[in-house]
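Novice: Which chain is which? The protein sequence lines are A and B, in order. Heads up: the first sequence begins at 766 in this note's numbering, then just goes up one per residue. Heads up: the second sequence begins at 766 in this note's numbering, then just goes up one per residue.
Everything labelled a hint here was simulated from the structure, so no lab data went into it. Where hints are given, some of them may not hold.
Note: identical chains are not told apart, hence a pair may lie in one copy or across any two.
DSS-like cross-link-like pairs, simulated, lysine-lysine; straight-line CA separation at most 25 Å [stated by the list, open to error]:
(1) Lys971 x Lys1013
(2) Lys971 x Lys955
(3) Lys854 x Lys1089
(4) Lys1074 x Lys821
(5) Lys1200 x Lys1212
(6) Lys842 x Lys1089
(7) Lys1074 x Lys1184
(8) Lys1013 x Lys955
(9) Lys1212 x Lys971
(10) Lys821 x Lys1184
(11) Lys1184 x Lys1090
(12) Lys926 x Lys1212
(13) Lys1074 x Lys1089
(14) Lys1200 x Lys1184
(15) Lys1013 x Lys1184
(16) Lys971 x Lys926
(17) Lys1090 x Lys926
(18) Lys854 x Lys1229
(19) Lys1200 x Lys1229
(20) Lys1229 x Lys955
(21) Lys1089 x Lys1229
(22) Lys926 x Lys1013
(23) Lys1229 x Lys1184
(24) Lys821 x Lys842
Number of protein chains: 2
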Amino acid sequence: MTFTRRTFVQGLGLTGGAGLAYGALSTLGLAPAAADGSARFRSPAMGDLLGPAAGKATVLILGGGPAGLCAAYELRKAGYEVTVLEARKRPGGRVWSVRGGTTETDLNGETQTCTFGEGHYFNLGATRIPQGHITLDYCRELGVEIQPFGNQNANTLVNYKSDTSLSGQSIPYRAAKADVFGYISELLQKATSRGALDDVLTPVDKEALSSFLRDFGDLSSDGRYLGSSRRGYDSEPGAGLNFGTPRKPFQMSEVIRGGLGRNISFEFGYDQAMMMMTPVGGMDRIYYAFQREIGPDRILFGAEVTSMKNTPSGVQVEYTQDGKKQARTADYCICTLPPNLVGRLSNNLPAAVLTALKAAIPVSSGKLGIEYSRRWWELDDRIFGGATNTDKDIAQIMFPYDHFSGDGGVVVGYYNTGKRHQAFESLTHRQRLAKAVGEGAAIHGEKYGRDILSSFSGSWRRTKYSEGAWVGWSGSDSHGGEATPEYSELLAPVERIYFAGDHLSNAIAWQHGAFTSARDVVTALHTRVAAS
Amino acid sequence: MTFTRRTFVQGLGLTGGAGLAYGALSTLGLAPAAADGSARFRSPAMGDLLGPAAGKATVLILGGGPAGLCAAYELRKAGYEVTVLEARKRPGGRVWSVRGGTTETDLNGETQTCTFGEGHYFNLGATRIPQGHITLDYCRELGVEIQPFGNQNANTLVNYKSDTSLSGQSIPYRAAKADVFGYISELLQKATSRGALDDVLTPVDKEALSSFLRDFGDLSSDGRYLGSSRRGYDSEPGAGLNFGTPRKPFQMSEVIRGGLGRNISFEFGYDQAMMMMTPVGGMDRIYYAFQREIGPDRILFGAEVTSMKNTPSGVQVEYTQDGKKQARTADYCICTLPPNLVGRLSNNLPAAVLTALKAAIPVSSGKLGIEYSRRWWELDDRIFGGATNTDKDIAQIMFPYDHFSGDGGVVVGYYNTGKRHQAFESLTHRQRLAKAVGEGAAIHGEKYGRDILSSFSGSWRRTKYSEGAWVGWSGSDSHGGEATPEYSELLAPVERIYFAGDHLSNAIAWQHGAFTSARDVVTALHTRVAAS
């Protein structure tokens, strides 16, 4: 219990505008073999270990999701003998790409089998990767091809309830943005020209600000917002005398009270700002690549863990596979199971740890994919990726980032959390689809209900082996910035059992969180082995 | 001269948030053959013609760029006999994808031969397609695969001169945006809370505005901007207690006077807002597809037109091919040559037309592509597409939107216009490269000058057969909204000679402009033929 984990990521920062340094990446890469041909341990980051030493222990890893497979992969580099026990028949855990042939029985007892056409899929879990996340380095290292993920699109729609005439109207996102930026620019311009901020702005500041606002809000020379080509056109400008028909702006008070700007900050988020990336062919490509590198024989699928215990000389884990009870022992265990499920195992964990695990509250979230035979979003609405946003229960409609101009595609009919997802999770799939299509049609029109070939939905709280989309600590859904006592408790190993997963990171619900947690644990474990 | 062209695009608008309607697209598509097997004319848009009629005229098309090939393609659908005369040895005109093997002698007399590795290229001309542009419909119709174009990236840098301490500093775009939005939110919040705008905002407006500003600016509960995770981190948050090291905000006055927000509105532009698209493998893929559909034997390459005249019964065009003078006659001519070059032809155009052509002033612009053996922008700076922006002469550095995580790639070292491009166009290529690398290294660091394999540059005013990147009318670089007398003059045919090109559209410098112009001319010409 005295082995403290060091935060190795500290060394990876750049003083400039970037995230991980190449030096770190290269050591993360497949390390060259030592001169004697033996595999030498390469720390997952620079400067963490006192010196290289061959792995000389066996490690049982519970869970074949991002944390488990990353840990197994890094330990293999160092020569450790690892075995991954995974209850599902596939790698990736909550990184789940649903495609034709996917079949799943949820905890509501309903079985769905996906019939999407060849090459079509949607990611029911993680679907996008920010540029700063180590996930991209693993894609690179594992040879997983990546492509842009459309996380922002001016041509998508917003549709919100309000006590204005805009309530329930579908408004192009670009128009909402242009009006919001136009009016706040006009207002600030007016306030400064009235001298209302003369105590905080010098005359030079005011002039520079005014120049910015004219551009930012597309203001007239006298400082007013009168609309903007940025809103788009009712009819596209063409040749000759066809100047297009610009769309007229909404009234200022309507725009402000209608809350048209309520989702704009999404696109500024550190982990949501474009460019965002995603693997070609599905996020699960990363985990099949890990599986290939780890060696398929080291991952036992369909192995449902029932017991995890420290013993005087190591760890013992029991599991059921193909209806048979089995047991394995090893020197160490890395438990990457969802914290909400660990307490159900037969275990000898201390009371404080069991209490801490209960503080991790599973979040309700899920998605529904709708396969259309016609890409109406491109053909009718000129939408090539991105998401429509609404305060209806569906929260958002996400458009495909691949198969552009193809014959069909899979639209994510909702991706929502909390109460808005709970409005779906108890429903049958047919009921979910009907509700999703109803809300979607209220935004994108009747075509939303036409040309549907098939669909598939999942709710993570109703999904076996997960029972949650991710966790919040002590009721908070925050992605970090604060270490609750329970969170801190689980950062330390319990004798020879280590915990890892995005829940023990400051990037909860992100693969980056799971990877960095796994890398911390691998580093700590190897430091301990090297010192023993 | 009495045939007025109708603006067919009017019928293509949607009342919702979109551009071209599917109905229009489907008629634009390859029309099914008539029952008798003959090709029936299908108007490029609905409702333009009184009725279908087979094309029964010959048309000479001068120029094999977007306007010329689009016109030839649409006329072929209607059964017209077309011949395209193109001076270059390739289709596409100013749509020029430079790749290994490309060789060009510019009007400075310098010959460059590109040695980029297999699969690498950059578009020296058009490189991106807005979602609303008809260019995407042609990609779809012609089977040209498209992919996202990274036109906005929070991880790129901005670097501007000012009289502040931020002058010449490289600042992550995301940090510039967060600070600008934070401070303008704080300022507007302060002004409204002081009652400075009580005559224009009701109490309900003020409350809604305040709620928006807190979110938009990431303000503290007391309405101040104290920095934001949106700015990014000096060290990325990871697992455990590694909360990351947030970057501290700059001072308000520095941000405002430093002009950090000067380029933010770029990403709101009607024709620049994400998502933007581009063909896989180079923009010229569109024109090779046109060539395939038109039939290569109908396009004469290396045919330099020297004379274009109306005759009593049609048109006569003279050209030089393989050093031989040749002549052709036809019923009609569509001239898509740059307006600045038409007056040099031997011609019998009226004086008013020649005067009008002179009002089209060529714009100075160009690009330089740098092939690196190492993708430092991804590995070191975590930049996956998008552009760094600066007020240095290079104006911007554009990062590749393909070959992600590959071994190398082509960065566009500058794409600039006007005076800033003129600082490059008289230089030799070596001098251009040296200046571009010097300015780039001042922004991205010394690595900018390392690992360079090769490079290629082009200046459109010094490029034969173009002598301009695009044109402005009467000195204005505006993309439309106003029809000058000279512009209007050229919209009408001169007897049997029609003019087409982006210069006769409200989307100057865009392929959409060239296509819509060509479609207008094709429609007008066919209306005339059908009525004759």
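Novice: One pair to classify: Lys1200 and Lys1229, alpha carbons no more than 25 Å apart. Within, between, both, or neither?
Specialist: For Lys1200 and Lys1229, the Cα distance is within 25 Å only inside one copy (24 Å; across copies 60 Å).
Novice: At most 25 Å between alpha carbons: which applies to Lys821 and Lys1184, within, between, both or neither?
Specialist: For Lys821 and Lys1184, the Cα distance exceeds 25 Å both inside one copy (48 Å) and across copies (66 Å).
Novice: Are the CA atoms of Lys926 and Lys1013 at most 25 Å apart within a copy, between copies, both, or neither?
Specialist: For Lys926 and Lys1013, only the intra-copy Cα distance (21 Å) is at most 25 Å; the inter-copy one is 37 Å.
Novice: Under a CA distance limit of 25 Å, which applies to Lys1212 and Lys971: within one copy, between copies, both, or neither?
Specialist: Neither: 49 Å inside a copy, 38 Å across copies.
Novice: One pair to classify: Lys971 and Lys955, alpha carbons no more than 25 Å apart. Within, between, both, or neither?
Specialist: This pair counts as both: shortest intra-copy Cα distance 11 Å, inter-copy 15 Å.
Novice: Using 25 Å as the alpha-carbon threshold, which applies to Lys971 and Lys926: within, between, both, or neither?
Specialist: between (36 Å within a copy, 18 Å between copies)
Novice: One pair to classify: Lys1090 and Lys926, alpha carbons no more than 25 Å apart. Within, between, both, or neither?
Specialist: Neither: 55 Å inside a chain and 70 Å across chains, both beyond 25 Å.
Novice: Go through the copies and call it for Lys854 and Lys1089: within, between, both or neither, with a Cα cutoff of 25 Å.
Specialist: Intra 16 Å, inter 72 Å, cutoff 25 Å: intra-copy only.
Novice: Classify it for me, Lys926 with Lys1212: is the Cα-Cα distance of at most 25 Å met within a copy, between copies, both or neither?
Specialist: The answer is within: 22 Å in one copy meets 25 Å, while 51 Å across copies does not.
Novice: My question is about Lys1074 and Lys821: at a cut-off of 25 Å on alpha-carbon distance, are they close within one copy, between copies, both, or neither?
Specialist: within (21 Å within a copy, 87 Å between copies)
Novice: Between copies, within a copy, both or neither: which fits Lys971 and Lys1013 at Cα up to 25 Å?
Specialist: between (29 Å within a copy, 24 Å between copies)
Novice: With 25 Å as the alpha-carbon cut-off, assign the pair Lys1013 and Lys955 to within, between, both or neither.
Specialist: Within one copy only: 22 Å inside, 30 Å across.
Of the numbered hints stated above, those contradicted by the structure are hints 6, 7, 9, 10, 11, 15, 17 and 20, listed in ascending order.
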